[in-house]
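Number of protein chains: 2
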Amino acid sequence: MEVHKRCHRKPDGRELILYGLKPLEGPPLAEPQEALAPAPHLRYHPLRREWVVYAAHRQERTFLPPKEHCPLCPSREGGFPTEIPFPTFQVAVFENRFPSFVPSPPPPPEGLPVPAERALGRCEVVVYTPSHTGSLATLTEEERLLLAWVWRERYQALYALEGVRFVMPFENRGEAVGVTLHHPHGQVYAYPFVPPLLEREAQAFRERPVLQELFPHLEPYRVDGEGGFLAFVPPFARYPFEVWVAPLERHPGLWTFSEEEMAAFARLLGRVVARYDALFGEPFPYVMVFHAAPLGEERTFHFHVEFYPPKRAKDKLKFLAGTELGASTFVVDALPEDTARRLREVL
Amino acid sequence: MEVHKRCHRKPDGRELILYGLKPLEGPPLAEPQEALAPAPHLRYHPLRREWVVYAAHRQERTFLPPKEHCPLCPSREGGFPTEIPFPTFQVAVFENRFPSFVPSPPPPPEGLPVPAERALGRCEVVVYTPSHTGSLATLTEEERLLLAWVWRERYQALYALEGVRFVMPFENRGEAVGVTLHHPHGQVYAYPFVPPLLEREAQAFRERPVLQELFPHLEPYRVDGEGGFLAFVPPFARYPFEVWVAPLERHPGLWTFSEEEMAAFARLLGRVVARYDALFGEPFPYVMVFHAAPLGEERTFHFHVEFYPPKRAKDKLKFLAGTELGASTFVVDALPEDTARRLREVL
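Taken in sequence, the protein lines are chains C and P.
With the working numbering applied, the first sequence covers 74 to 420.
With the working numbering applied, the second sequence covers 74 to 420.
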């Protein structure tokens with residue numbers, strides 16, 4: 074697939090990259106001048122042994138603006154200046170206005186009683202489509218494939234940055250998971266460390282090909298499949314409607330997929346979301362995360378996507394409370410084999 | 074403190090224990106006959122390397138009943154039969170009707186593609202007071218002290234059970250954390266394993282006295298204190314209004330507190346909740362968990378209480394989404410030193 078890419082520097086210094094199947098012509102519209110100086114920093118949690126990010130500037134972030142002030146829509150001449158100063162685009166990626174990690178972070182505050190570090194990295198917003206409504210399920214096949222190529226390109230670009238050790242595209246969808254903008258979009262975080270959870274997964278994959286050992290036994294857990302990819306409810310799901318999407322052959326990330334694999338992956342991802350939306354006849358909230366190999370784990374890590382939906386029924390949420398937050402032990406009231414059947418039969 | 078204890082076996086086989094400063098006299102009221110057969114089981118998550126509990130019977134659990142059908146109130150002769158078939162009590166503890174762990178679990182399903190185990194253990198509900206309203210902050214000093222002795226006694230009773238390796242009292246408060254019953258109460262889970270998070274904390278304490286090294290530097294993070302106990306916002310807080318309560322001297326759990334320490338601990342816990350409630354002038358939701366030494370860690374673990382509040386402002390929730398759930402990395406938009414000052418100055 075030939076993807077055209079156009080880079081633009083916003084007046085506040087942030088990068089905006091437009092991706093399309095055709096080159097994007099024409100000059101940008103006028104953009105407001107504004108100084109941004111995000112200053113996140115990291116502090117070490119000595120009992121959980123993980124980094125916590127402090128990003129105080131995020132308190133001001135845009136919260137469910139009216140449709141006509143959506144910052145992720147294309148701009149119109151003389152209209153509300155959005156994040157994308159062009160009258161049209163296909164997929165847009167820009168540096169988050171309220172980042173948790175930045176390429177040139179200031180030093181952390183001095184004199185803290187725990188280790189502190191600069192929040193080096195990068196946080197990006199990925200706008201899936203110029204259309205204000207829709208989802209991974211309603212994109213055209215071509216749009217979804219372009220998006221998959223954008224994820225791939227962002228992996229390559231962000232892992233190439235000095236100091237980045239883990240890159241994670243993700244999507245928060247629905248107000249139930251705290252989404253503040255409804256325009257179809259996701260994000261990519263480039264972390265300066267390997268988060269403990271990923272370190273744990275990487276260690277498991279170093280010891281055994283966990284997913285490949287599991288695949289032959291997943292028939293009762295199968296939700297959908299397509300050209301070498303499987304969508305399934307893990308037999309050890311922590312959320313009632315948790316779904317994973319993975320290639321049957323091990324890949325460290327989608328940067329090693331063939332053209333055919335890219336297309337199959339994009340189609341299957343779209344169908345999983347279509348199944349979710351069919352389940353209760355309404356947009357289904359979820360957190361979707363991509364787990365690709367952290368830096369140095371390319372030889373054993375098995376790329377997969379995890380969907381965490383907060384719903385346990387149409388009108389009931391699965392809350393994380395005492396045992397989940399305080400003991401990292403999830404209690405689930407639906408069996409994976411049952412939710413897999415529901416998701417399999419819904420389409 | 075002399076605590077009177079009366080054990081009662083419910084017709085469905087569950088144990089109910091009443092605690093009081095005076096003995097509770099009089100026969101129980103009539104109780105409905107009902108067969109319960111909770112059959113939770115454990116499955117192993119091979120990538121996160123933790124146990125997940127499946128408790129399918131929990132789907133039916135009581136959800137925000139009207140006040141007159143509160144199952145945690147005392148029963149009245151001829152009235153709605155609550156969980157406590159007595160017209161009065163001080164503190165009541167009973168086995169959860171919808172348990173995640175049970176003392177005699179059935180074997181797990183056969184033929185699962187991941188390791189499975191019996192969900193051995195015990196889950197209890199701790200009813201703080203016969204009054205339907207109130208909180209840790211509004212209990213009388215005597216009631217709160219009795220409650221602290223009950224926690225202590227439950228620790229001792231549950232750690233004595235065969236196969237139990239970690240015991241955790243906790244409280245989920247407020248609909249924002251999914252509470253289904255408003256009557257002031259908490260829970261205790263007795264786990265048949267050491268959850269990975271606690272294993273991580275225990276490892277940290279085996280290496281260094283993390284909290285005792287921190288205490289001399291906590292002045293900017295101090296919220297309150299009382300007789301050898303400190304309430305503080307950890308300098309590495311993961312929630313904007315996170316507060317920890319800990320004894321300055323190391324104790325593995327509250328079972329080693331002196332009489333004076335029990336009293337100071339109970340008072341301070343009540344004052345932390347009073348500060349929370351004063352913050353926005355309304356009941357403040359939180360998850361509160363007790364971290365005491367898992368089995369075998371008594372020599373180095375430092376008991377402490379962690380409060381995780383889901384609010385970042387009066388009308389704004391802190392949602393856990395992509396980076397928190399998918400990478401175990403928390404992003405916080407308030408600095409601990411600022412929230413500590415707010416909580417310090419609010420009373």
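Simulated from the structure, these hints should not be mistaken for laboratory data.
Treat the hints with caution; some may be incorrect.
Note that identical chains are pooled: a pair holds if it fits in a single copy or bridges any two copies.
Pairs of lysine-lysine residues, derived as DSS-like cross-links and limited to a Cα-Cα distance of at most 30 Å, are as follows [stated by the list, open to error]:
{"#": "1", "residue 1": "K384", "residue 2": "K78"}
{"#": "2", "residue 1": "K83", "residue 2": "K387"}
{"#": "3", "residue 1": "K95", "residue 2": "K140"}
{"#": "4", "residue 1": "K389", "residue 2": "K95"}
{"#": "5", "residue 1": "K384", "residue 2": "K95"}
{"#": "6", "residue 1": "K140", "residue 2": "K83"}
{"#": "7", "residue 1": "K78", "residue 2": "K387"}
{"#": "8", "residue 1": "K389", "residue 2": "K140"}
{"#": "9", "residue 1": "K83", "residue 2": "K384"}
{"#": "10", "residue 1": "K387", "residue 2": "K95"}
Nothing here was measured: the structure is a model prediction, and the numbers come from that model.
Hints, one by one, checked against the model:
Taking CA atoms no more than 30 Å apart as the test, K384 paired with K78 passes in neither setting, with 38 Å inside one copy and 41 Å between copies. Taking CA atoms no more than 30 Å apart as the test, K83 paired with K387 passes in neither setting, with 42 Å inside one copy and 34 Å between copies. In the homo-oligomer, the alpha carbons of K95 and K140 lie at most 30 Å apart inside one protomer (27 Å), although the nearest pairing across protomers, at 63 Å, exceeds that limit. In this assembly of identical chains, the alpha carbons of K389 and K95 never lie at most 30 Å apart, being 44 Å within a copy and 42 Å across copies at closest.
Taking the shortest alpha-carbon separations for K384 and K95, neither the intra-copy value of 39 Å nor the inter-copy value of 45 Å comes in at or below 30 Å. When the C-alpha separation of K140 and K83 is checked against a cutoff of 30 Å, the pair qualifies only within one copy, where the shortest distance is 23 Å, while the shortest distance between copies is 57 Å. Taking CA atoms no more than 30 Å apart as the test, K78 paired with K387 passes in neither setting, with 41 Å inside one copy and 43 Å between copies. Taking CA atoms no more than 30 Å apart as the test, K389 paired with K140 passes in both settings, with 27 Å inside one copy and 21 Å between copies.
Proximity of K83 and K384 under a CA criterion of 30 Å is satisfied in neither setting, with 38 Å inside one chain copy and 33 Å between copies. Taking the shortest alpha-carbon separations for K387 and K95, neither the intra-copy value of 41 Å nor the inter-copy value of 47 Å comes in at or below 30 Å.
The structure fails hints 1, 2, 4, 5, 7, 9 and 10 (numbered hints given earlier, in ascending order).
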